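Student: Given next are the chains, with one letter for each unit.
Number of protein chains: 2
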Amino acid sequence: MKKKVILSKLQRIFKKHNLPNNHSKICADYLLKAELINAQSHGLARLKMYCDRLKKGLINSKPKIKIKKISSSISHINADNSIGFVAADIGIKVAIKNAKKTGIGLVAIKKSGHYGLSSFYAEQAVKKNLIVFCFTNAPPALAPHGAKKSLFGTNPICFGTPTGNTPFIFDSSASIINRGKIRRAEKLGLKIPFGVALNKKGKITTDAKQALQGTQLPIAGFKGSGLAWMVDILSGVLTGSSHGGKTKDPFDDFSGPQNVGHLFITINPNVFSGNNFLKEMKKNIKLVKKLPKAKGFSSIMYPGERKNKIYKKNINKDISIPSKILKEMEDLDANE
Amino acid sequence: MKKKVILSKLQRIFKKHNLPNNHSKICADYLLKAELINAQSHGLARLKMYCDRLKKGLINSKPKIKIKKISSSISHINADNSIGFVAADIGIKVAIKNAKKTGIGLVAIKKSGHYGLSSFYAEQAVKKNLIVFCFTNAPPALAPHGAKKSLFGTNPICFGTPTGNTPFIFDSSASIINRGKIRRAEKLGLKIPFGVALNKKGKITTDAKQALQGTQLPIAGFKGSGLAWMVDILSGVLTGSSHGGKTKDPFDDFSGPQNVGHLFITINPNVFSGNNFLKEMKKNIKLVKKLPKAKGFSSIMYPGERKNKIYKKNINKDISIPSKILKEMEDLDANE
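These protein sequence lines are chains U and F, in that order. Per the numbering used here, the first sequence starts with residue 9, numbered consecutively. Per the numbering used here, the second sequence starts with residue 9, numbered consecutively.
If you are wondering where the hints come from, they were derived from the structure by calculation, not from laboratory data. Being a predicted model, the structure only gives us computed values, none of them experimental. There could be a bad hint or two in this list.
Same chains, same label: a pair holds when it works inside one copy or across any pair of copies.
[Stated by the list, open to error] For lysine-lysine, the following DSS-like pairs were computed, each having C-alpha atoms within a straight-line distance of at most 27 Å: (1) K208 with K195; (2) K109 with K74; (3) K199 with K77; (4) K33 with K64; (5) K301 with K256; (6) K211 with K41; (7) K291 with K135.
Just chain U, with the same shape it has in the complex (with noise of 0.2 Å):
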């Protein structure tokens, strides 16, 4: 499908489900921005629960999104329980400003949801020349180093700074693969890989659906599971949101809004140098590009250039949607 009749489609839907203008216009680039870049898990297949959220008043689609300046370098934003993708576009660039004005900025931001990427935030921050760190909680997903519950979301960890040249943005989940695409092959009726989750039992499940009720896997053991405690810790505890796995699912849980909370840290990297960051940081780039490749490897990237160039592969192609969710958005679309 050509992307300008998706992106009009999608506003449609959001102004449908009476989301703003301007908000209907940010959610539909971000969904569109995941497929982009080969994210389908966040992309069109979170249509649905975005809108059924939507309807129930779980996301609250007039939100009075409240912005306290604690200093010219913190901010405290209460997103009202709006969509994710606005409280957090709006967000980043309050961190923006607070690091362009003080060289440091800080914002914590609760009562939101689900926001898409962490990357659509890091990349504004770092085309704006500036080194961010994103944070997100989410919902159980992973079991802490030591439990046989999951209690800690996938809660992952961004890192963008500029490079001179295509942002770098290292945006890793705390889990060996992200909850989305376990979802999207549930709702495919796709296999997950081997050793990324158990299911109820405990035993390591390939089924989507099993995996889902069960436990996923946290890279590296205890690492990866510190990992997503630090995370529950800075966006969850740290901004005023929920933690401690008290976060909602989107997709099962409608008892409440989701209340999650975003943690965005932006840092102007010429305070310390000046113009020799973007100096070093090229050759630093050139250190690692030219060293001997291992096997099955023609070229080394760093975090952010595969995606990129995806990105630049996909802009002049059409999406090919999977029919299901073609049909969930048809349907969307119809509703009164």
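Following the hints, position chain F against chain U.
Tutor: Just chain F now, kept in the frame of chain U:
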């Protein structure tokens, strides 16, 4: 050996190597502290290395450490090739002061050296009721994803937060095990675990010497490689220190000072919701701890808790020192 005896011996040895009184005390305290938390890889096994570098003038025993105030939140420290312990000890104190004043502190340290364990510094900030990140780079030990030669250090990420009880300190290298463990195994003729390092030819090895000549494996493949790269940028490129594989190995490379960089970020957790932070933090830990336990676990511990228990157990005991390391100490103490 009695702790008091070790401490005075260490201080005497550092003073013999021209460190001023106060610097000798800082270094002795940190080396002993590593032993007390069973991190022998960062303890007495490194004493000779520090002394060798001091003797050769590669660690500056009389550094003129300059602290440049960029704003009330941000400082840049030129450590003048001081021993890492001293540079980082000064740096974390500045980062604490900045966050106490403005809510957030950012301190970059350049021209430093190996500083022991990140948790030494994180703990200080946490004990002043701050959230903290400590990053440091290190000499080549890990191959970037796609390369067959080491370039990144084991580059730890360290995160700490107050809990109202024992500090939560997550301190994890980007490698499966830390390099100090391999160094110490080599020194004492011990094997290293299977699956943590490759020899020069790219084959898995349990021989410590071969592992040091080869490359260590990152946690979770490209994810660990990305984390190590992030830390190299934050502590190397951003601070104005060596990076991209140019940080010198303190054990093997006597061609110049190490030029390691450190970056500390400190946050006052009360800026967003006041004392509620600690209340929610306690709730968070309680929720995790009461989860059903996995097989083989009688309790779930948060990062830093186990080390704290070990410390409390060791604090009243004498320290046993392998004869090879004891001999090194005696030789260093006997010299001129």
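Student: Taking the hints in turn, state whether each one holds.
Tutor: For each hint, the structure was consulted:
{"no.": "1", "hint": "K208 with K195", "in the structure": "within (19 Å within a copy, 45 Å between copies)"}
{"no.": "2", "hint": "K109 with K74", "in the structure": "both (21 Å within a copy, 25 Å between copies)"}
{"no.": "3", "hint": "K199 with K77", "in the structure": "neither (47 Å within a copy, 55 Å between copies)"}
{"no.": "4", "hint": "K33 with K64", "in the structure": "within (21 Å within a copy, 64 Å between copies)"}
{"no.": "5", "hint": "K301 with K256", "in the structure": "between (44 Å within a copy, 23 Å between copies)"}
{"no.": "6", "hint": "K211 with K41", "in the structure": "neither (36 Å within a copy, 41 Å between copies)"}
{"no.": "7", "hint": "K291 with K135", "in the structure": "within (19 Å within a copy, 38 Å between copies)"}
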